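Chemist: In the order they appear, the protein sequences are chains A and B. Numbering (UniProt numbering) for the first sequence: 1 to 161. Numbering (UniProt numbering) for the second sequence: 1 to 786.
To be clear, the hints were calculated from the coordinates, so they are not data collected in a lab. Since this is a predicted model, take the numbers as computed values, not measurements. Just so you know, not all the hints are guaranteed correct.
Per the computed footprint, the stretches of chain B lying under chain A, defined by three or more beta-carbons under 8 Å from a beta-carbon of chain A, are [unchecked claim]:
id, stretch
1, 21-29
2, 41-51
3, 282-292
4, 439-446
5, 668-676
Each pair of labels, with its calculated beta carbon distance range [what the hints assert, rightly or not]:
id, chain 1, residue 1, chain 2, residue 2, range
6, A, E30, B, S52, 34 to 42 Å
7, A, N80, B, S699, 54 to 62 Å
8, A, E30, B, D160, 53 to 61 Å
9, A, D154, B, T23, 30 to 38 Å
10, B, E617, A, D29, 57 to 65 Å
11, B, E57, A, D29, 41 to 49 Å
For every residue, glycine included, the Cβ atom is placed at its ideal position computed from N, Cα and C.
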Amino acid sequence: MTKVTMTVNGKTVAKEVRGNMLMTEFLRDELHLTGTHVGCDTSQCGACVIHVNGQDVKACTMFAGEAEGAEVATIEGMANADGSLNTIQQAFQDYHGLQCGFCTPGMVMTAAALLRDNPKPSETEIRDYLEGNICRCTGYHNIVKAIMAASGQDVSAIAAE
Amino acid sequence: MPKDHGIGAAPKRREDVRFLTGTGQYTDDINVYGQTYCHFLRSDVAHGKITSIDTSEAEKMPGVVRIFTGKDFEGLGGLPCGWQVTDKHGAPMKEPGHPVLAQGKVRHVGDPIAAVVADSLEEARDAAEAIMVEIEDLPAVVDMKAALESGAAKVHDDLDDNLCYDWQFGSEQEAVDKAFAEAAHVSTLELVNNRLVANPMEPRVAVGEYNRANDESTLYTTSQNPHVIRLLMGAFVLNIPEHKLRVVAPDVGGGFGTKIFHYAEEAFVTWASRQINRPVKWTSTRSEAFMSDAHGRDHVTKIELALDKDNNFTGLRTDTYANMGAYLSTFSSSVPTWLHGTLMAGNYKTPAVQVNVKAVFTNTVPVDAYRGAGRPEATFQLERVVDKAARELGVDPIALRRQNFITEFPYATPVAVEYDTGDYVATMDKLEEMIDRAGFEARRKESESRGKLRGLGINCYIEACGIAPSNLVGQLGARAGLYDAATVRVNATGSISVMVGAHSHGQGHETAFPQVVAEMLGIDESMIDIVHGDSSKIPFGMGTYGSRSLAVCGSAMVRATEKIINKAKKIAAHLLEASEGDIELKDGQFTVAGTDKSVAWGDVTLAAYVPHNYPLEEIEPGLEETAFYDPANFTYPAGAYACEVEVDPETGKVTIERFAAADDFGNVVNPMIVEGQVHGGLAQGIGQAMLENCVYDESGQLLTASYMDYAMPRADDVPFYAVDHSCATPCTHNPLGVKGCGEAGAIGSPPSVVNAVIDALHSGGHKVEHIDMPVSPHRVWQAMQG
Numbered sequence: 001m002t003k004v005t006m007t008v009n010g011k012t013v014a015k016e017v018r019g020n021m022l023m024t025e026f027l028r029d030e031l032h033l034t035g036t037h038v039g040c041d042t043s044q045c046g047a048c049v050i051h052v053n054g055q056d057v058k059a060c061t062m063f064a065g066e067a068e069g070a071e072v073a074t075i076e077g078m079a080n081a082d083g084s085l086n087t088i089q090q091a092f093q094d095y096h097g098l099q100c101g102f103c104t105p106g107m108v109m110t111a112a113a114l115l116r117d118n119p120k121p122s123e124t125e126i127r128d129y130l131e132g133n134i135c136r137c138t139g140y141h142n143i144v145k146a147i148m149a150a151s152g153q154d155v156s157a158i159a160a161e
Numbered sequence: 001m002p003k004d005h006g007i008g009a010a011p012k013r014r015e016d017v018r019f020l021t022g023t024g025q026y027t028d029d030i031n032v033y034g035q036t037y038c039h040f041l042r043s044d045v046a047h048g049k050i051t052s053i054d055t056s057e058a059e060k061m062p063g064v065v066r067i068f069t070g071k072d073f074e075g076l077g078g079l080p081c082g083w084q085v086t087d088k089h090g091a092p093m094k095e096p097g098h099p100v101l102a103q104g105k106v107r108h109v110g111d112p113i114a115a116v117v118a119d120s121l122e123e124a125r126d127a128a129e130a131i132m133v134e135i136e137d138l139p140a141v142v143d144m145k146a147a148l149e150s151g152a153a154k155v156h157d158d159l160d161d162n163l164c165y166d167w168q169f170g171s172e173q174e175a176v177d178k179a180f181a182e183a184a185h186v187s188t189l190e191l192v193n194n195r196l197v198a199n200p201m202e203p204r205v206a207v208g209e210y211n212r213a214n215d216e217s218t219l220y221t222t223s224q225n226p227h228v229i230r231l232l233m234g235a236f237v238l239n240i241p242e243h244k245l246r247v248v249a250p251d252v253g254g255g256f257g258t259k260i261f262h263y264a265e266e267a268f269v270t271w272a273s274r275q276i277n278r279p280v281k282w283t284s285t286r287s288e289a290f291m292s293d294a295h296g297r298d299h300v301t302k303i304e305l306a307l308d309k310d311n312n313f314t315g316l317r318t319d320t321y322a323n324m325g326a327y328l329s330t331f332s333s334s335v336p337t338w339l340h341g342t343l344m345a346g347n348y349k350t351p352a353v354q355v356n357v358k359a360v361f362t363n364t365v366p367v368d369a370y371r372g373a374g375r376p377e378a379t380f381q382l383e384r385v386v387d388k389a390a391r392e393l394g395v396d397p398i399a400l401r402r403q404n405f406i407t408e409f410p411y412a413t414p415v416a417v418e419y420d421t422g423d424y425v426a427t428m429d430k431l432e433e434m435i436d437r438a439g440f441e442a443r444r445k446e447s448e449s450r451g452k453l454r455g456l457g458i459n460c461y462i463e464a465c466g467i468a469p470s471n472l473v474g475q476l477g478a479r480a481g482l483y484d485a486a487t488v489r490v491n492a493t494g495s496i497s498v499m500v501g502a503h504s505h506g507q508g509h510e511t512a513f514p515q516v517v518a519e520m521l522g523i524d525e526s527m528i529d530i531v532h533g534d535s536s537k538i539p540f541g542m543g544t545y546g547s548r549s550l551a552v553c554g555s556a557m558v559r560a561t562e563k564i565i566n567k568a569k570k571i572a573a574h575l576l577e578a579s580e581g582d583i584e585l586k587d588g589q590f591t592v593a594g595t596d597k598s599v600a601w602g603d604v605t606l607a608a609y610v611p612h613n614y615p616l617e618e619i620e621p622g623l624e625e626t627a628f629y630d631p632a633n634f635t636y637p638a639g640a641y642a643c644e645v646e647v648d649p650e651t652g653k654v655t656i657e658r659f660a661a662a663d664d665f666g667n668v669v670n671p672m673i674v675e676g677q678v679h680g681g682l683a684q685g686i687g688q689a690m691l692e693n694c695v696y697d698e699s700g701q702l703l704t705a706s707y708m709d710y711a712m713p714r715a716d717d718v719p720f721y722a723v724d725h726s727c728a729t730p731c732t733h734n735p736l737g738v739k740g741c742g743e744a745g746a747i748g749s750p751p752s753v754v755n756a757v758i759d760a761l762h763s764g765g766h767k768v769e770h771i772d773m774p775v776s777p778h779r780v781w782q783a784m785q786g
């Protein structure tokens, strides 16, 4: 067992964990932050994307121990301080960028990382950046549209609603 | 002006807030006090005789609570098949046993041999590695035609061969033979409808919890139809009566058909929990999902289309091999027959249609319904052969389709179903408007100027949804009714809980269903909540699949709400001292017609629960009504789709430049949700056409068992889609006039992709007749080389 200390969504947490505990297990089983989802076992689907020291990371690719001292953000920490949806979350709701909701936490975390580095991404840039996030419900149309809208771009000309 | 509430409006989805903040509750998020963890030891060979299983070392491993094998399930039932198909000679289909854990033999890679239940998942996994299993390898049958050859290894030793059934359906032989004998032209195509894996993003999970205090079992499971699981598992597998068995399907992360079926793992955790008196949890990994979730499609077909000298379709004949896999999954037998054969007429008035299907057992994962289920297979064959005919005859593919459209309704097809309504001309007109066909040649020239080939592919589709009229499907072999149920519970202060048998796993029922009730009552949607997914809270229901939720369960909800209105009017009449017949309900107010006397919704509901001034001698207190609704017919969504592709002749790589879908879904309750459903269906259809393929090698090893090997469509594989549902011919037989929209995109899109690729290749001088899906660069390039 190893002791890890990190900040998760602004709160300091310290836990004794197995050395081989994945970050996904740490968040879900130890901290009961079940918004980070596990959709595959080959680091392909992106449902578990979180931010570690500001970088978007697939939580299934790191051990909890590797986050020692890190600032971690998960989907549970993304809403505004008053509990309302943040700009990206709100755009996903406004433009129907989610259906079953399972891939959604990873999509939102990935979109947040993209928009931080590239505040006005093109459609192509968004589709490229989502390479590591699989959605089976939406056909990506409304996810891409929501991310464009969240970045302040006019999406009214995009086909359909 | 779009409506801002009620039917036809597009309110934001209320379920989104929990999903966007990480507070949804999926089955894997459920942990029960004292729970154990289950790991299945699965076969790594496709076919073999289990000669011994030694669990003695594994049982000594730390944390192990108990290890189960097939022996522990002797005397219990196997997993049942819900649909009995009768073959063309009148014999019932062959229905081999499907044990919860393998007994004597393993029949596909992934077949569960043993289950370890331990205090932690790691301990369960470790112990599974210590189980000594000896399997005597047997030759595997993978290819369907080879499986039917004499001398082929038998998947089930107690059967004569690997043929599940040989089914024939449609017009009289004589009429079909005559159509082909007299044809001026016959177009023939042999094709494969590739095996797919549904891949909802949430892998399956099951948690069994037994409560010895009251002898009740609860199963939390990733299901599209918890009541169906309760019925199948309770009655056929474990012998637990319904009142002692609760099945809960909480937030479910996508289904697409593969979460309809009753699976061994559900029965296992429920039963094991009773044996060890502790909760048992199983969470599938993705790799495990690839070898244990029922797969989809996997048909091999020869289709022939006969035309007269004027290019009218006169006859259609198909010969299909349908892969059942190693066992019959819950609805597997119905997919290539009643969900496929009945749609072979398509949108066309072909007078003679005959469908032949041989269902075959192989040493592969069971195959069952996947989004569209049988209808994509029907549409693909038909719309590919129609396109081929147009090319062979040198006629415009849209004109050939238009010429043969069914234009008068109702229309009884030669394959048993009666289309109640539709307007295929209107959706094709709309499609042509959407795709700027006139500008296509200019776009093609522009592509050619860059050394690329451009193609335009068109197709139509029709599907049978709103599954299904019970008496009809009963005649066709269904072992269940396919009605649905809803209970409208009005609370004392006027808020409403609607308990529905449909299950929402992405479809937005929690938002759309209240729109309907709110419209009927004239009250605010926020006063209405939908309850679904828990057999202890909902009287009954058959669940969500076959684009049935709104058409069938929504109709039950309408009927229950009508009963509420009738009773509420009686109460209002009493309160207003008026005749019941004079009471009108509008905007949440009951008014005496022609007067200004009125009473509000909330006053009437309060009177029902506080009946101090109430017609107690005439009606009971309370305000709660249940309705079961059995549809009179299927519904028939239909439409026309177009795909424009660019092919790189250097590499064979295909890119989708444009995709347009013109659908007729009848009336629409929430256009935002409907469009989202179409988008998702299109991506799955495009995925099938371009990327996805589930592959076994000759020995029955699954080569595509992870996202590293099975190509899921990603954001950069698809374009923005143009979708339209304005051509609406309302369903004539359900109260909302709705047809269902969940499967259309997946059914309608594959043929237009392939048609577009073929069109592109022909424009470059490559006389390619067909390329099987997925149209990968390798296959396209090979086809171009002749």
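Chemist: Determine for every hint whether it applies to the structure shown.
Modeler: Structure-based check of all given hints:
| no. | hint | in the structure |
| --- | --- | --- |
| 1 | 21-29 | holds (count 8) |
| 2 | 41-51 | violated (count 0) |
| 3 | 282-292 | holds (count 3) |
| 4 | 439-446 | violated (count 0) |
| 5 | 668-676 | holds (count 5) |
| 6 | E30(A) to S52(B): 34 to 42 Å | holds, 40 Å |
| 7 | N80(A) to S699(B): 54 to 62 Å | holds, 56 Å |
| 8 | E30(A) to D160(B): 53 to 61 Å | holds, 56 Å |
| 9 | D154(A) to T23(B): 30 to 38 Å | holds, 31 Å |
| 10 | E617(B) to D29(A): 57 to 65 Å | holds, 60 Å |
| 11 | E57(B) to D29(A): 41 to 49 Å | violated, 28 Å |
In summary, the structure is inconsistent with hints 2, 4, 11 from the numbered list given earlier, while agreeing with the others.
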